Every structure is written in structure tokens, then in C-alpha cells.
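Novice: Using the working numbering, you'd call the opening residue of the sequence shown number 4 and step up by one each time.
What the hints contain is simulated information worked out from the structure, not anything from laboratory work. Hints are not guaranteed to be accurate.
Below, computed lysine-lysine pairings styled on DSS-like, alpha-carbon distance capped at 27 Å [said to hold, decoys possible]:
id : residue 1 : residue 2
1  : Lys45     : Lys80
2  : Lys62     : Lys101
3  : Lys45     : Lys62
4  : Lys128    : Lys101
5  : Lys128    : Lys62
6  : Lys45     : Lys128
7  : Lys128    : Lys80
These numbers were taken from a predicted model, which means no experiment stands behind them.
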Amino acid sequence: MKNIPLISFAILFCVVFAFPSCNYENSDKWHYLITIHNNSDKAIIYQDFCISPEISFAKAQNIAANYSNRNEIAPGKAIDFVSNVPDHWEAFFHNLPKTDTLVLFIFDADSNKANIEEPCIVGYKLTLDFLRQMNWHIYYPPTPEMRDMEMTPSYEEIINGNN
Numbered sequence: 004m005k006n007i008p009l010i011s012f013a014i015l016f017c018v019v020f021a022f023p024s025c026n027y028e029n030s031d032k033w034h035y036l037i038t039i040h041n042n043s044d045k046a047i048i049y050q051d052f053c054i055s056p057e058i059s060f061a062k063a064q065n066i067a068a069n070y071s072n073r074n075e076i077a078p079g080k081a082i083d084f085v086s087n088v089p090d091h092w093e094a095f096f097h098n099l100p101k102t103d104t105l106v107l108f109i110f111d112a113d114s115n116k117a118n119i120e121e122p123c124i125v126g127y128k129l130t131l132d133f134l135r136q137m138n139w140h141i142y143y144p145p146t147p148e149m150r151d152m153e154m155t156p157s158y159e160e161i162i163n164g165n166n
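Construct the entire structure; sequences and hints are all you get.
Specialist: Right, dumping it as C-alpha cells:
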């Protein structure tokens, strides 16, 4: 009976110090971070959203525009986007229903703060294969390597300024 406090302390010590907590670094096998780069000259906000076939892209964009927990990325900076689930991105995509799509919306931070109706700049439809191809990095504006990625508006419209 006298050993119970000592055993409790040993267990607590192992949980707190021996096991790494919240280690969100990518490895060769599992990826916990998607790095989003803002290579533009204006602040942007990103928001992820899962789209099912019953929700149109426009409706998802409108819903995502009203989320309050989005992250701003300053011009020339990058941010690591961690999966909302307590697992790696490979597991997230494996568990995502086949009919659903993960979309990363990029909003103009200034327009969003001013409550302008259409602050969305682009919506990237993310796939596991594409993220692997891009080494888990996404860029705004899109890079030539992102040309074949499904996005709205299209790569050409964004690069030519027609969005």
C-alpha cells in the first residue's frame, strides 16, 4: 500500500516526460502538417472545409467565409496547418468518405475584415496524391507545379488576373 503514491508518481512522470506530446513534425511515413505559403503582397486567411456531393462549392465557400476560427497569413510568410483530427493527414484522407473532398479556401484578409460579400480568392481541392506531389506545401498564388490541381477559379484565371 505504501508503494501506491510512488507508482502513481512513476506513471505520471512517464506520461508527462517520457512520451513526446503534440509532436507535429512530418516524418517519412506520416504527415501532420500542410505548410501554406503566402507569396502575395497582401494578407490572406485560410479555412478548410469538407464538401460532400450535396453541398455546392459556392455554398461551402459561403459557409467557410463565416467561420471565426480561421488563420491569417502575412505577406511573404507561411503557416503550418495541423489536421483537426488527432492523427496524421494520411489517416484523415483514408477516413474521408470517397464522395467528399477537402477544400482549402483562401480569402483576402482585408476584404474579409470589411465584410465584403465575396472575399474568397481561390478554393483548392486537396487530394492525398497532390499533397504528396507538392511535398505537403501549398502556395498562394498557385505555383506552376500546382497548374493541374483542381481549383476554383482555375490556375489560368488566377495567373492572368481574371478571377
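Novice: Holds or violated: are the alpha carbons of Lys45 and Lys80 at most 27 Å from each other?
Specialist: 10 Å, holds
Novice: Do the alpha carbons of Lys128 and Lys101 lie within 27 Å of each other, as the hint requires?
Specialist: Answer holds: Lys128 to Lys101 is near 14 Å, not above 27 Å.
Novice: Between the alpha carbons of Lys128 and Lys62, is the straight-line distance 27 Å or under?
Specialist: Answer holds: Lys128 to Lys62 is near 15 Å, not above 27 Å.
Novice: Between Lys45 and Lys128, is the straight-line Cα distance small enough, at 27 Å or below?
Specialist: 22 Å, holds
Novice: Measure nothing beyond the straight line between the CA atoms of Lys62 and Lys101; if it is 27 Å or shorter, mark the hint as holding.
Specialist: Given pair Lys62, Lys101 holds - Cα atoms ~20 Å apart, limit 27 Å.
Novice: Please verify whether Lys45 and Lys62 have alpha carbons no more than 27 Å apart.
Specialist: Holds, at about 25 Å.
Novice: Does Lys128 pair with Lys80 here, judged by a C-alpha cut-off of 27 Å?
Specialist: Given pair Lys128, Lys80 holds - Cα atoms ~22 Å apart, limit 27 Å.
When the structure is compared with the earlier hints, no violation turns up for any of them.
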